[in-house]
Each structure stands twice: as C-alpha cells, then as structure tokens.
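K.L.:
Protein chains in written order, with my numbering: chain A, 1 to 103; chain B, 1001 to 1213.
Worth flagging that the hints you see were computed from the coordinates, not collected in a lab. Values in this document were obtained by computation on a predicted structure and should not be read as measured data. Misleading hints may appear alongside valid ones.
What the hints assert, rightly or not - With beta-carbon atoms standing in for the labels, derived distance ranges: (1) B/Arg1082 x A/Ala49: 30 to 36 Å; (2) A/Ala64 x B/Leu1144: 30 to 36 Å; (3) A/Leu22 x B/Pro1160: 30 to 36 Å; (4) B/Ala1139 x A/Ala49: 27 to 33 Å; (5) B/Asp1067 x A/Ala18: 34 to 40 Å.
What the hints assert, rightly or not - Which residues of chain B face chain A? A partial, calculated answer using Cβ under 8 Å: (6) Trp1044; (7) Tyr1056; (8) Gln1200.
Cβ coordinates follow ideal geometry from the N, Cα and C atoms, glycine included.
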Amino acid sequence: MSELVDRDAERISRAVDADLALEESADLARLLSADADAHLYWRRLQALAGLLRQAFEEPELPEALANRLVAIGSPGSGASENTKVFCDESSARRLGKSDERKH
Amino acid sequence: VSKRIDGDKLSCLVTQQPDARDAAGGGTDLFLAVEAAMGVSEAWEQIVHRHGAVVYTLIKRWGYRHDADDLCQDVFLLIWRRLAQYRGEASLKTWIYQITMNYLRNHATRVVPKRRAECSLEDEERKSDVLPLQTEGDAADVLLEAERRALVRRAVYELPELHREAIILRDLEGISYTEIAETLMISVGTAKSRVSRARQALVAALAQRGILE
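Please build the complete structure, drawing on both the sequences and the hints.
P.N.:
Below, the structure written as structure tokens:
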C-alpha cells in the first residue's frame, strides 16, 4: 500500500467514484493486474463506500429543532431585528442585477 | 409573493419577472434569500425546510453527535444574519455548506478537542442502531456490528480536518467535486486530489484496525 503513488491512487479513487467496472477501462485493468498494491487499494476503496454508508446514519431533522430554526425568521425574534437594515434598496438592487444577467 | 410584501420594490420585480421563479413554483435561491432577508417568514421557512436536514446531518457527521441541535441553531442564526450577503453566485445549498463548514472549523478550535470525538463504544452500545435481539448469537453479532460502525466513525473523526471534510462532503454527503471546490473555495483539481488523499488515509487507518482486509 505504501508504495502506491498518489497519481495511481487518484486514478483508482476516480474509478471507484464513477462506479467503473474493470472491463470499462483497459488502463485501470492493466494497472491493477500489474500492481498488487493498486489491486488491494481498489478492493479496499470499494469496501470503504459500504462501510461508511453503514456507519453514518442519515438523521431526520427533529421537529422541535425545525420549529426553533423557523422561529429565527419570525417577526419579533431577536434575530430578525438584526436583519431589517438591509431589507430594501440593496436587496432589490441585487435582484435587479440578477434579472439583467438572465436577459 | 406580491401579496406578502405588497408595495415593496421587490414585489414589483417578482411580479414582472415570473420566469425567474422555478418550475416547481417555489422561489429561486436568490429570491428566497432576498425574501427571507426582508422578513417574509414563508421564505425563511422554505430555506429551513430545504436545508435544515442537510446542515443537521453535516454537523452530526462531523462528530458533534450530542450538541447537534444547538450547533444547528447557531448555524441557522449565522445564515439568517448573512442572507444579505448572498449574491446568488453559487447555489444557496453550496453557500449554506460554506457557512456550516466555516462554523464547524471555528467551533473545533473553541471546544476541548476530545469532546468532539464523543463516539465512545459505550455510547454506541446504547445507540438505537442496536437491533432487537433474538438469541445470544444474534446479540454477539449485533454488538460486533455496532462496534465496527463505531470504529469506522471514530476513524473518520480522527482524520486531519482537511481529510475529514473531504470524506464527509464527497463520500457521505455525496456532493460533486465542483460543489466541494466551491464550498471549500479551492480548485476542482485540488478537491479531487484532497478526496483521494483523504480516502488513502482513511483506508490505511481502517486497515490498521483490522476493519478493512
């Protein structure tokens, strides 16, 4: 593993990213058959994706927290008072510029 | 929209430019941001609805498993306060990622370093991902599996920050290299090589622990 050069590691990494099968890349197949370290790394990277998926849950936003976040933007919240200063001219100007770019 | 902020310059712009609204009928990122900054609570609600879970998940995956609620609220306060600075150059999602990542980086320097990686095995055993048990054999398997997951998480938390964020953004959040580059304000090439090096480091760490053969 330690012998694997960065360039090859990155090629393998990109191939795993693209879910590339060995048959789809003669270059990659050559590299993996010629270099045992590269082949081991290829197998490990493929296993890594599965391990990460299992290890990290995808939590839902708790409802109570969602309510707290929504409250930040409610009129009368301390946070909203801080933002009133930029409500008018600059915001409209930004929108105007954005629209000009679209046309 | 014009009803909600009637009389304002923005309402005129929005009314005159219906094409600027997206096909789903919601606001574009820039419209949403501007409306929210102007105090349109529905716009802010939409931002929370669209991006709240992403921020919350990112914080938990970064390793703040127990105080994620408070940190998420802090991040959304920052987002709220900085809405006026959003120019629509990147997507709102990328902009929110930027704010979140910067917040997490800064937060890491403020808390006791060990506290962040608070994923102890004892915690893991209490976690809800331990499934109902049928037999003693099942119990052993389930505990081993929970331990393995915990070790994988710990290996991620213990990566150097640049590597950890690369793994989280690419392999857990699944965002593109272009978006990673925008979020971290680096080139796409740097994003690619950073992800590759992060994977190398993580693979080495997991192999050392016997989790990867």
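K.L.:
Does B/Tyr1056 pass the interface check with chain A, least Cβ-Cβ distance below 8 Å?
P.N.:
With a closest approach of 5 Å, the B/Tyr1056 hint holds.
K.L.:
Tell me if the beta carbons of B/Ala1139 and A/Ala49 are separated by a distance inside 27 to 33 Å.
P.N.:
holds (28 Å)
K.L.:
Cβ-Cβ distance between A/Ala64 and B/Leu1144: within 30 to 36 Å?
P.N.:
Since the Cβ atoms of A/Ala64 and B/Leu1144 sit about 34 Å apart, the hinted range of 30 to 36 Å holds.
K.L.:
Taking the closest Cβ pair, is B/Gln1200 under 8 Å from chain A?
P.N.:
For B/Gln1200, the interface hint holds, since the closest Cβ of chain A sits about 5 Å away, which is under 8 Å.
K.L.:
Could you say whether the range 34 to 40 Å given as a hint is met by the Cβ separation of B/Asp1067 and A/Ala18?
P.N.:
At 37 Å between Cβs, range holds.
K.L.:
Is the interface hint satisfied for B/Trp1044? The criterion is a beta-carbon contact with chain A at less than 8 Å.
P.N.:
holds (3 Å)
K.L.:
Given the hint of 30 to 36 Å, check if B/Arg1082 and A/Ala49 actually sit that far apart at their C-beta atoms.
P.N.:
holds (34 Å)
K.L.:
Per the hint of 30 to 36 Å, is the separation of the Cβ atoms of A/Leu22 and B/Pro1160 within bounds?
P.N.:
Hint holds: Cβ distance 32 Å, inside 30 to 36 Å.
Figure legend: structure checked against the earlier numbered hints; every hint is met.
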